[in-house]
Amino acid sequence: MSSTTNTTTIGTIGAPSRRNTELAMLVFAVLIPVFAYINVGLAKDGSVPAGVLGYSLGLGLLAGVAHLVVRKWAPYADPLMLPIATLLNGLGLIFIWRLDQEPSLGKAMAPNQLMWSTLGVALFLGILIFLKDHRVLQRYTYISMVIALVLLVAPMFFPGVNGAKIWITIPGLGSLQPGEFAKIIIAIFFAGYLMVKRDALALASRRFMGLYLPRGRDLGPILVIWALSLMILVFETDLGTSLLFFGLFVVMLYVATERTSWIVFGLLLSAGGAVAVATFESHVQVRVHNWLNPLELLNGGVTETAQAMYSFGSGGILGSGLGQGYSRLIQGIAPKSDYILATVGEEVGLAGLMAILLLYGLLIERGIRTALAARDPFGKLLAVGLSGAFALQVFVVAGGVTGLIPLTGMTMPFLAQGGSSVIANWALVGILLRISDTARRPAPAPAPSTDAEMTQVVRP
Amino acid sequence: MNKPLRRVAIFCGLLVLALLVRVNWVQFVQGDELKNDPHNRRVAIERYSTPRGNIIVDGKAITGSTTTDSGDFKYKRTYKNGKMWAPVTGYASQAFDSNQLEKLNDGILSGTDDRLFFSRTVDMFTGGKQKGGNVVTTLDAKAQKAAFEGLGDQKGAVAAINPETGAILALASTPSYDPSTFAGMSNKDAEAYSALQKKNNPDEPMLNRALRQTYPPGSTFKVVTAAAALENGLYNDVDSKTVSPLPYTLPDTSGIELKNEGNIPCENASLREALRWSCNTVFGKISADLGNKKMKDEAEKFGFNDPKIDTPVRAAESIFPKDNRPQNAMAGIGQASNRATPLQMAMVASAVANGGKLMKPYMVDQLVATNLNVVQQHTPQEMSRPLSPENAQKIQSIMETVVKNGTGTNAQIPNVTVGGKTGTAQHGENNKDNPYAWFISYAKTDKGTPVAVAVVIEGSDTLRDDIAGGKLAAPIAKRVMEAVLEGEK
Numbered sequence: 001m002s003s004t005t006n007t008t009t010i011g012t013i014g015a016p017s018r019r020n021t022e023l024a025m026l027v028f029a030v031l032i033p034v035f036a037y038i039n040v041g042l043a044k045d046g047s048v049p050a051g052v053l054g055y056s057l058g059l060g061l062l063a064g065v066a067h068l069v070v071r072k073w074a075p076y077a078d079p080l081m082l083p084i085a086t087l088l089n090g091l092g093l094i095f096i097w098r099l100d101q102e103p104s105l106g107k108a109m110a111p112n113q114l115m116w117s118t119l120g121v122a123l124f125l126g127i128l129i130f131l132k133d134h135r136v137l138q139r140y141t142y143i144s145m146v147i148a149l150v151l152l153v154a155p156m157f158f159p160g161v162n163g164a165k166i167w168i169t170i171p172g173l174g175s176l177q178p179g180e181f182a183k184i185i186i187a188i189f190f191a192g193y194l195m196v197k198r199d200a201l202a203l204a205s206r207r208f209m210g211l212y213l214p215r216g217r218d219l220g221p222i223l224v225i226w227a228l229s230l231m232i233l234v235f236e237t238d239l240g241t242s243l244l245f246f247g248l249f250v251v252m253l254y255v256a257t258e259r260t261s262w263i264v265f266g267l268l269l270s271a272g273g274a275v276a277v278a279t280f281e282s283h284v285q286v287r288v289h290n291w292l293n294p295l296e297l298l299n300g301g302v303t304e305t306a307q308a309m310y311s312f313g314s315g316g317i318l319g320s321g322l323g324q325g326y327s328r329l330i331q332g333i334a335p336k337s338d339y340i341l342a343t344v345g346e347e348v349g350l351a352g353l354m355a356i357l358l359l360y361g362l363l364i365e366r367g368i369r370t371a372l373a374a375r376d377p378f379g380k381l382l383a384v385g386l387s388g389a390f391a392l393q394v395f396v397v398a399g400g401v402t403g404l405i406p407l408t409g410m411t412m413p414f415l416a417q418g419g420s421s422v423i424a425n426w427a428l429v430g431i432l433l434r435i436s437d438t439a440r441r442p443a444p445a446p447a448p449s450t451d452a453e454m455t456q457v458v459r460p
Numbered sequence: 001m002n003k004p005l006r007r008v009a010i011f012c013g014l015l016v017l018a019l020l021v022r023v024n025w026v027q028f029v030q031g032d033e034l035k036n037d038p039h040n041r042r043v044a045i046e047r048y049s050t051p052r053g054n055i056i057v058d059g060k061a062i063t064g065s066t067t068t069d070s071g072d073f074k075y076k077r078t079y080k081n082g083k084m085w086a087p088v089t090g091y092a093s094q095a096f097d098s099n100q101l102e103k104l105n106d107g108i109l110s111g112t113d114d115r116l117f118f119s120r121t122v123d124m125f126t127g128g129k130q131k132g133g134n135v136v137t138t139l140d141a142k143a144q145k146a147a148f149e150g151l152g153d154q155k156g157a158v159a160a161i162n163p164e165t166g167a168i169l170a171l172a173s174t175p176s177y178d179p180s181t182f183a184g185m186s187n188k189d190a191e192a193y194s195a196l197q198k199k200n201n202p203d204e205p206m207l208n209r210a211l212r213q214t215y216p217p218g219s220t221f222k223v224v225t226a227a228a229a230l231e232n233g234l235y236n237d238v239d240s241k242t243v244s245p246l247p248y249t250l251p252d253t254s255g256i257e258l259k260n261e262g263n264i265p266c267e268n269a270s271l272r273e274a275l276r277w278s279c280n281t282v283f284g285k286i287s288a289d290l291g292n293k294k295m296k297d298e299a300e301k302f303g304f305n306d307p308k309i310d311t312p313v314r315a316a317e318s319i320f321p322k323d324n325r326p327q328n329a330m331a332g333i334g335q336a337s338n339r340a341t342p343l344q345m346a347m348v349a350s351a352v353a354n355g356g357k358l359m360k361p362y363m364v365d366q367l368v369a370t371n372l373n374v375v376q377q378h379t380p381q382e383m384s385r386p387l388s389p390e391n392a393q394k395i396q397s398i399m400e401t402v403v404k405n406g407t408g409t410n411a412q413i414p415n416v417t418v419g420g421k422t423g424t425a426q427h428g429e430n431n432k433d434n435p436y437a438w439f440i441s442y443a444k445t446d447k448g449t450p451v452a453v454a455v456v457i458e459g460s461d462t463l464r465d466d467i468a469g470g471k472l473a474a475p476i477a478k479r480v481m482e483a484v485l486e487g488e489k
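In order, the protein sequences belong to chains A and X.
If you read the first sequence in UniProt numbering, its first letter stands for residue 1, the second for the next number, and so on.
If you read the second sequence in UniProt numbering, its first letter stands for residue 1, the second for the next number, and so on.
Check the hints yourself; a few may be wrong.
Straight-line Cα separation of at most 25 angstroms, SDA-like style, residue types lysine to any residue; simulated pairs [stated by the list, open to error]:
1. K74/X to G46/A
2. K74/X to R328/A
3. K107/A to F73/X
4. K188/X to G46/A
5. K3/X to G316/A
6. K35/X to R375/A
7. K3/X to L268/A
8. K3/X to D376/A
9. K44/A to K142/X
10. K35/X to D376/A
11. K44/A to V43/X
12. K131/X to G323/A
13. K142/X to G291/X
14. K74/X to E365/A
15. K3/X to A43/A
16. K3/X to M195/A
17. K35/X to K80/X
18. K44/A to K188/X
19. K107/A to G71/X
20. K3/X to A443/A
21. K35/X to G301/A
22. K241/X to P265/X
23. K3/X to G46/A
24. K35/X to F11/X
Hints listed in this document are in silico derivations from the structure and should not be mistaken for laboratory results.
Here chain X stands alone, though its shape is the one from the complex (with noise of 0.2 angstroms):
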């Protein structure tokens, strides 16, 4: 019998064997897959078990953690005048993940980030608690509260950008939301996720209209109009007289007119004088005579027709489109099918002011360790010239003609050289709905050219003629200027 028992015993070996086999299979082979692996809630648990880092804005912490009892997260995300910082930080909250520089930045904020393995290494062995790095955002605190009290409980984004290096200095959208209120996993965070869901609250507070939402940018479009006939030499100069018919009967159609707002002078007005009447004539002749490639180039010079935007949250694609030459011709003047975020507006002022020369926008300064050694730093970059630098200075010249006696003298800043265009955009079917007024300017001082800054409001339905630009966007664009040259004394 002892034959099969040494076979019996063999078999019960084999037995374990497989069993250890097994253990090492999962547990070595498998360990990190399983560990790390999305449904594992350990993952999450770890990561809520320290405080986040936190997002710094003029070198202080608009974010924080604090501890909760619900559940098994021991911190979760605070911010701080979170409703005005909401378009810069985005959310993190522990039921429903993160965006914008909460989630590009995960990495760095949770402390998980490779480059932060050396910190991290030390913490190890000194006992300190894993916690995140900060990240060194380029926003500006006055020129934010500017633009978010500025636009107040009107529907509306401000975006404002240093032209010099391409630093985003404030990014406002209204109405806004604080991501505090769901940044935990309790049924009340649910609710107050619930409630700011497009399908339960049709002002869409959620969206970033700043970088995410386009609208047509309207008459503050002629500036890139007025660029390309510079730059293409249809004109070569400012002050003498266009070629420009009134009425003016759109390319290709059987006599359909291209409406200027009110009884303005324009026929054969010189640019400095159509841009400060934002003459649609002019300028839709200007588009037509350029044609629809020429005036697509130059608009993607600007940053149009890029769907990569990044800076480092995407901002949605700003469109110049190829299209036939009457919509083509209307596009000239921002309307047709041409779409911008208050971003782009921002990046067509900026490059102006800039001497021409685009500067990539962007929002992350530093990516800072614990130990707060500078694990990334951001060098300005160039992104294009739509413009050479003798035609940026004749478009900034007619730019300042329309704040110091155009549409935009609603924007002047004493003792300050202040360029800007308005815009009524109008939009709709036969535009019943309410026009979005627009702003966008720069200033300069003897220093530089600290900022340019585009303003967009939507629903302005007290006014629908072109003024409304000048009336309702240029003053918030003027406080937001006002506020960064306060910063730069």
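So that you can see chain A by itself, here it is in the shape it has in the complex (with noise of 0.2 angstroms):
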């Protein structure tokens, strides 16, 4: 917390609140994912959309509500999350509906995820209005713990589904992937955990070949937590959530310990820990095989994975415009979420697909600047778990689906079909918000000093 004074986010008195930034980026935000809507009715039936009106009023809303809302009580939050966020979600919903018109991909999903994404907007909402200040999350270090433990575990008892054992099912409700959650929660726990023992994990340490070797005892955790990965890895085989948490926690420990040595301990271990997994299970062989051989095909047919590198091939540079590609060709399990990236790819081309990255990116510096401008350890630590989450899963699911790295079961924060999802990145912002405005938050006029007097320079 030494150094802050070259970061622009922090308040000084009267900074300004950015607010009106915010409205005006909110109205490109609902006006890109509403002309995207006519733009697929005219390509797919010549015709503007019915629904146009309704979404548009609705997305209008959502995002006018939050935006007072934000006004109201954290009139101090970064501007730009609340903008990035709500048009990826915009833009997802078009997508969703927009493979929705293909009848080869099974029933509509957009109307569901609109609940969702709604749902979302009002925990986001909730968080604002309840969550005060960030600091209250402290609190709760060892709860989140025990909670965050359940959630990671408890798909194991769950029947899989597609090779991944990734959701919690209830009869009769739906299911939930309880990962997404588990994300936020665990990263509450780690802030909690790491600010009380930064300190004995970064001084107590012997110095080896330039490192600093922590003490044994101190390593205790970390090795809790890579086992914890490990489980996840072989018993819901699930690449993905397991090298999201193990990451998330080396960043963590990174940055409360100020210690290169723990990057280089994280990444042995995951290195490790991967190769040996891999050696044994099969479900991982074949993703790997997969990332290898994107374009082999499987009995004579041609595999989604390979379906996915043709949709981003063919759409080129400028893409074939949305509702003219032919993404449906991605039958299978996951259209709508894992591979909604590659309709993206193929019908904005690669000009649309950056772009998004690049949102993407955004949202994860305005995170991580929010961490650099926060003035407690604690928010630092959480907002900087926060963002790197975040990075890690859209750098899991885009590299995944774009062939960089092995293909992982995780959806695109806010853009994929998925409840679970869209929910848990609404929250994630929120908290992200808070602690931005508590960050930028003007200090309080200092009180008025009774020997001012005395101090006075006097001059002759």
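Dock the two chains into a complex; use the hints.
Below, the structure written as structure tokens:
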């Protein structure tokens, strides 16, 4: 918390709240999806879709209410995060609706997604209204740990879906992807835990070959988390979640202790674990094989991986235009969730896909900037944890779908279909806004000092 | 805590940068490759999204396109009188690829050929739907109809050429198939396709017998042997006696006789008489006297042993074998390992008819873009000169005798000079299979020589002697020649 002078978001007295900037941005964030919606309708049926008025009013209303609540309850919050989240969520709805127009891809999912998005925004607003100070969360450090463990372990006891056990299924109610919520809760736990332990972890160490080696007993927690993420990988066959949690922990540990040695340890452990698991876990081997041979035929048929690659390639630089692509060819399990990025790539092309990736990048960097600006260590750790988790998730999903890394079963935040994901990510943005509001809020005016007079320099 | 935070910010930036680099790689660097990957269904969807260009005969399209409602392919191919034209067009199926003209000219027909770039670019700006160009063939609809109907229910093939240019006028093969029946990709198409395959249909309807099947040419090959005799100076006059003993024993054998069909006057017969009666002994001896090398050289000048006769559909290679003396003697009468396609034998007749000059056979005259610009125009090309003009005259004269008062009288056309040669090729071990009936001929008017034709009929079970060719094949050749001559008027 030492040097904060070269960050512009630090509030000085009388700093602008930037709420009007946010409002202007929000107008774009609402208009762009509305135009996209009309565009899809024109391309598919040659007419403006009937739902366009309802959709634009709905999205506008959500954005408007969110803006008003931010204006009232978090006036100094970051001005970009809400518009970016709105834009991504709005575009996601359009892409899901666009894929709903393909009869071969099963039942419509956009209406449900709209409902989940509304719930997500409601949770976002709830957090802004009721969570006056993020430091309250610090009190729940160990409860968070228990909840996170339960959420992470629970899917093991439910039947797997398409090779990955990442769901909790409640008969009659639907299913829940607990990993999405666990990501936030575990960040709270890490932030609380590391804030207390950081000095012990950072200072009590031996120097060895230029690295500060932690003491054995301090290694305990990191080994527990490592074992847990390997367990997730083995028993839930979920590469993505496993990578996300371990990566999150290493990042937060590094920030808390400022010791590079933790990163070295983290990388060694994760690489070792991944290789060890890959040698006997066939699910992981299949994913790696598909990653190395994306276009390989399976029983003479074209695989989903290959279809996704064809989608990207066929989109080219400018894309086929919304509603004019053939990403419906990505049949199988997840054209609207895991593979939605392929539709984006095909229909809005490299240009559009890069724009969307940059939006994610911007959101992530605003989150880290919030961490820089935060005045308390817990806020810093929490903000960097949440942004880091978000960044890792974006990287793991987008990297997987584009073939940069092996594919894992995760969803693109905001963009992809999936209720748990959209609700959890709105909550995540809510907490980040709360931290940034606290960080940028002008400090209360110092009380008038009684001996001010005496310290005046009197010039002769 | 801010130093590690800044590093984390950089790290996250690098993650996003890696993604940006990756999507550039996939969508830009690899983009075209992925876009045009044969397994990328978009290629096929795009291909069938507009009506395919047509194959044209006599100014009329013999193909078409129709919209389908099955699956994601909008248009599929249709054929007018598909069975008759299948040996010309080949097929273009959504499920089973394409072949022959449909395949070779796919770029033009589907509109992806680079030579259509200009008209495509114009279409793009004027908003016109991209559409394939047309393939204009040399075929003669009347001749094709005569050939196809002449073959009727028999198994066989007809090839007719314009000797002066090499333009293919008719190309029929029976039994045939209708490529329309499997142009789409439904289960019905798959059934129709499967029923046509060799293993389900021993008649092999999808075999293009006119181009792709070789038969022993039998006595029709005697024309080539006669040509070799004249060209090599073995005999110089078609009307003077040859040195031809009867009976004739095959060289290097212990008394195996080469027999004639029936008791015909073949002893020392002149070339004219020998061809008129189709004397095996005379031509067998000529082949033996000339030797394998000279016979092979002459046959090759007529197009034998050429694996690349592209019309542009590639014809199967006709073979005059390199062989020992008795086999070479047999090859001289179109037996032994001698094999020829109907097109090859039509080429033999056409070279004779065209004064000894063999023109390269072709069936695509023009490729035409959507805007009717000619993209490619075929110019007739000389392929070889198997005969000098004088010798060609001599062969013509004796072939005309065959039709006037020999085995080929069934091919006579009033007021038209017709030259021809019958053939009945034995095949199978000890000739147990039904022989092939052959007839090759040309027709001459005072205006020129507009047609040469070869007909082969498989399995003429009623007639096993040499008149089979004259009985079964000659009438078909006559109908084809008449059809062409009618068009000439």
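The hints, checked one at a time:
1. K74/X to G46/A: OK: K74/X and G46/A at ~18 angstroms, within 25 angstroms.
2. K74/X to R328/A: Since the Cα atoms of K74/X and R328/A sit roughly 16 angstroms apart, the hinted pair holds (cutoff 25 angstroms).
3. K107/A to F73/X: 23 angstroms, holds
4. K188/X to G46/A: 33 angstroms, violated
5. K3/X to G316/A: 40 angstroms, violated
6. K35/X to R375/A: Violated: K35/X and R375/A sit about 51 angstroms apart, past 25 angstroms.
7. K3/X to L268/A: Holds - the C-alpha atoms of L268/A and K3/X are around 23 angstroms apart, at most 25 angstroms.
8. K3/X to D376/A: With Cα atoms ~15 angstroms apart, K3/X and D376/A stay inside 25 angstroms; holds.
9. K44/A to K142/X: 47 angstroms, violated
10. K35/X to D376/A: The given pair, whose Cα atoms are some 52 angstroms apart, is violated under the 25 angstroms limit.
11. K44/A to V43/X: 20 angstroms, holds
12. K131/X to G323/A: At roughly 23 angstroms apart (the allowed maximum being 25 angstroms), G323/A and K131/X satisfy the hint.
13. K142/X to G291/X: Judged against 25 angstroms, a Cα distance of about 43 angstroms means the pair is violated.
14. K74/X to E365/A: Given that 25 angstroms is the threshold and the Cα spacing comes to 47 angstroms, the pair is violated.
15. K3/X to A43/A: 50 angstroms, violated
16. K3/X to M195/A: 16 angstroms, holds
17. K35/X to K80/X: The hint is violated at about 34 angstroms.
18. K44/A to K188/X: Distance of about 30 angstroms is beyond 25 angstroms: violated.
19. K107/A to G71/X: Holds, at about 19 angstroms.
20. K3/X to A443/A: 24 angstroms, holds
21. K35/X to G301/A: 17 angstroms, holds
22. K241/X to P265/X: This hinted pair holds, its Cα atoms lying about 12 angstroms apart.
23. K3/X to G46/A: Answer violated: K3/X to G46/A is near 55 angstroms, above 25 angstroms.
24. K35/X to F11/X: Cα-Cα ~33 angstroms, so violated.
Hints 4, 5, 6, 9, 10, 13, 14, 15, 17, 18, 23, 24 from the earlier list are contradicted by this structure; the remaining hints agree with it.
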